[in-house]
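Asker: Each chain is listed here by its residues.
2 protein chains.
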Amino acid sequence: MPDGLGAPLFEPLFDRVALIGIGLIGSSLAHICRRKGLARRIVAADASKEVRTRVAELGFADEVAPSAAEAVRGADLVVLCAPVGAMGPIAREIGPHLAPGAIVSDVGSVKVSIVEAVAPHLPASVCFIPGHPVAGTEYSGPDAGFAALFHNRWIILTPPADADQKALARLSAFWTAAGANVETMTPEHHDLVLAITSHVPHLIAYNIVGTAADLEAVTQSEVMKFSAGGFRDFTRIASSDPIMWRDIFLNNKDAVLEMLGRFNEDLTALQRMIRRGDGDGLSELFTRTRAIRRGIIAQGQETAEPDFGRRAQEE
Amino acid sequence: MPDGLGAPLFEPLFDRVALIGIGLIGSSLAHICRRKGLARRIVAADASKEVRTRVAELGFADEVAPSAAEAVRGADLVVLCAPVGAMGPIAREIGPHLAPGAIVSDVGSVKVSIVEAVAPHLPASVCFIPGHPVAGTEYSGPDAGFAALFHNRWIILTPPADADQKALARLSAFWTAAGANVETMTPEHHDLVLAITSHVPHLIAYNIVGTAADLEAVTQSEVMKFSAGGFRDFTRIASSDPIMWRDIFLNNKDAVLEMLGRFNEDLTALQRMIRRGDGDGLSELFTRTRAIRRGIIAQGQETAEPDFGRRAQEE
Ligand SMILES: NC(=O)c1ccc[n+]([C@@H]2O[C@H](COP(=O)([O-])OP(=O)(O)OC[C@H]3O[C@@H](n4cnc5c(N)ncnc54)[C@H](OP(=O)(O)O)[C@@H]3O)[C@@H](O)[C@H]2O)c1
Ligand SMILES: NC(=O)c1ccc[n+]([C@@H]2O[C@H](COP(=O)([O-])OP(=O)(O)OC[C@H]3O[C@@H](n4cnc5c(N)ncnc54)[C@H](OP(=O)(O)O)[C@@H]3O)[C@@H](O)[C@H]2O)c1
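Here the protein sequences come in this chain order: A and B. Start counting the first sequence at 1; every next residue gets the next number (the working numbering). Start counting the second sequence at 1; every next residue gets the next number (the working numbering).
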């Protein structure tokens with residue numbers, strides 16, 4: 001198939017998939033469910049009336065439910081796709097309405113605090129397997145989603161030690177059919193890994209854009225004009241959804257502060273090298289960092305194509 | 001014309017353009033000189049025999065000179081395109097061989113230290129107008145260049161207060177014909193602006209990639225796998241040429257340390273917000289940083305297209 005996502009399944013994996021929260025991730029899941037035939041019925045719910053109306057217009061769900069509680073009735077897969085801070089309240093709302101045997105999962109960017117907030121509200125008759133697709137763009141909302149978002153990306157599942165193995169296999173099959181690679185780990189390890197690969201990078205991107213905005217010696221107009229030297233890429237990262245990222249930092253505090261501590265130690269050392277004019281130390285570090293890049297390209301998580309203004313020139 | 005660079009000039013702006021140092025920038029200049037007919041003759045020189053051989057093979061120059069001194073003989077425009085640290089020695093070598101009335105410029109990423117290193121070696125009969133095209137990719141060498149590199153990018157010129165205005169106009173016309181927008185400022189201001197828009201962003205990208213590589217709790221393989229969450233973009237920046245960047249930090253020490261000091265102050269405040277759980281403070285900053293992004297897109301220095309693995313999915 002021209003989109004690289006392969007043919008639809010012969011048999012849907014789930015009867016009724018309920019997606020709660022239809023932003024970038026929720027709408028992308030709806031698209032891929034339809035594209036690959038993963039569900040007999042796709043049901044969408046969202047706290048916002050505006051979003052519900054838009055989802056109905058866009059037509060990528062079979063049904064837009066008036067509430068999360070309505071949406072999960074009879075669903076054999078429920079995926080919470082709302083902001084991290086909303087997961088606990090949603091779990092409390094849907095808990096009494098979940099079908100026995102249902103698989104409940106989520107896509108939140110942190111895991112320990114979501115497990116703590118969600119698990120207590122779920123009946124023992126359902127199987128809760130938290131998840132986080134490591135895929136995204138800087139855009140949000142129901143118009144931002146597309147079927148290929150998870151293609152060749154990783155989904156991290158953090159099943160409890162006693163998780164039902166058949167449910168885990170079914171959820172894994174769902175993500176594999178969506179084009180993702182599945183990895184399992186503990187919620188604690190997830191939060192540490194994502195702190196360094198995602199949360200701290202976002203934090204320092206937000207920080208430097210803030211620093212640049214507050215300078216007196218250099219105007220904002222100059223910062224914008226001359227951003228092609230590197231700054232521009234940080235502004236893209238720092239244009240991600242403020243609420244989502246606030247929630248992430250509030251909910252992964254310890255791991256973020258730990259990784260930020262390491263970052264700061266290393267930056268102090270680098271600062272000292274510059275002050276002392278230690279050219280060998282600088283070029284040693286600058287050479288070493290290339291190996292990681294090569295590994296990422298080899299793993300298919302990036303292309304080797306040069307970046308000069310990101311397509312700006314082709315348009 | 002399909003490449004967006006417009007028709008060639010009716011009349012070349014210069015008779016003989018000598019490019020000293022044929023890497024990404026030097027080869028891109030040669031390509032655009034030929035593409036737009038900016039010079040009657042393009043002469044290339046490079047310290048490395050290998051590069052000279054390769055330039056001759058690639059054929060984008062009319063002549064490959066055996067030395068910089070040979071290259072500049074009779075040239076009415078000389079552009080130094082070597083690493084920042086090599087500019088002083090090159091100026092000493094070419095000084096005695098420059099034609100009276102020649103314009104000498106450069107493309108180095110820092111300006112104050114280059115002016116200090118180059119100016120003393122140039123005869124009073126030439127006009128020295130330093131420059132820095134704010135354009136680039138993470139690749140280097142004579143194969144990396146292309147004619148459109150400077151298209152819709154800024155070239156910063158830092159003419160001395162008593163610069164010949166006709167020479168400045170001719171050099172500006174050259175860059176304008178290459179597709180660039182010209183801005184002039186002092187070398188000191190240039191170094192401050194670039195410290196925040198380019199040098200500090202590169203430094204912190206190198207730093208976080210180094211931090212990630214040194215962790216024990218998270219493996220390098222995990223860092224690579226899950227890089228799509230934001231880290232990946234930093235690795236691209238941190239794969240830029242180590243020697244070029246070493247030279248930049250050694251030669252723009254004061255401005256870099258000043259901007260890094262601001263960055264650190266702001267990061268400490270952000271860290272405190274996370275520790276205290278100050279959600280309002282976090283989302284205020286995360287919202288404010290979006291305005292800068294919008295400005296950059298409005299100025300044509302970036303597209304608004306979402307970035308999800310940078311074309312990886314199309315290939
Ligand atoms: N974006 C990424 O790059 C990315 C990547 C991986 C994982 N994630 C995770 O995926 C989740 C969703 O992210 P997203 O980018 O898709 O967000 P989004 O585009 O902002 O969409 C979230 C949607 O959830 C709705 N919502 C909020 N509270 C709700 C509630 N109590 N019940 C039902 N719906 C509710 C929101 O409505 P309102 O508009 O009214 O608030 C919004 O429509 C987050 O947990 C995030 O951490 C995001
Ligand atoms: N790359 C960017 O993004 C960018 C953007 C704006 C400005 N700049 C500036 O442009 C300049 C060149 O950068 P680049 O990326 O084009 O570098 P590059 O690809 O590394 O090429 C530099 C070339 O200069 C040669 N060279 C070194 N010393 C020389 C000497 N004494 N005489 C003659 N040639 C010499 C090098 O030869 P060897 O291979 O033997 O060293 C190499 O072929 C630097 O000053 C940089 O600061 C770069």
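These are calculated hints, taken from the structure and not from any lab test. Treat the hints with care, as some may be off.
As the list claims (entries may be wrong) - Listed next, with one range per pair, are the computed distances between beta-carbon atoms: (1) B:P120 with A:G277: 31 to 39 Å; (2) B:R276 with A:A213: 40 to 48 Å; (3) A:R272 with B:T303: 18 to 26 Å.
Stated by the list, open to error - Every beta carbon over 10 Å from chain B, so not counted as near; a handful from chain A, in silico: (4) P12; (5) A117; (6) L122; (7) A169; (8) H199; (9) T211; (10) R288.
These numbers come from a predicted model, not from an experiment. Cβ coordinates follow ideal geometry from the N, Cα and C atoms, glycine included.
Asker: Now tell me, hint by hint, if it's right for this structure.
Answerer: Hint check results:
Taking 31 to 39 Å as the suggested C-beta distance range, the pair P120 (chain B) and G277 (chain A) does not conform, at roughly 21 Å. A C-beta distance of roughly 22 Å is found between R276 (chain B) and A213 (chain A), which places it outside the suggested range of 40 to 48 Å. Taking the beta carbon of each, R272 (chain A) and T303 (chain B) are about 38 Å apart, not inside 18 to 26 Å as hinted. Every CB of chain B lies more than 10 Å from the CB of P12 (chain A), the least distance being 25 Å, so the non-interface label holds.
Look at A117 (chain A): its CB is around 15 Å from the nearest CB on chain B, clear of 10 Å, so calling it non-interface holds up. Under the 10 Å C-beta cut-off, the non-interface status given to L122 (chain A) relative to chain B holds; the minimum distance is some 26 Å. Annotated as non-interface, A169 (chain A) keeps its C-beta farther than 10 Å from every C-beta of chain B; the closest such distance is 21 Å. The Cβ of H199 (chain A) does not lie farther than 10 Å from every Cβ of chain B; its closest approach is about 8 Å, which violates its non-interface assignment.
A cut-off of 10 Å between C-beta atoms contradicts the statement that T211 (chain A) is not in contact with chain B; the least separation is 5 Å. With a cut of 10 Å on Cβ distances, R288 (chain A) falls inside the contact zone with chain B, its closest approach being about 7 Å.
In this structure, the earlier hints numbered 1, 2, 3, 8, 9 and 10 are contradicted, and the remaining ones agree with it.
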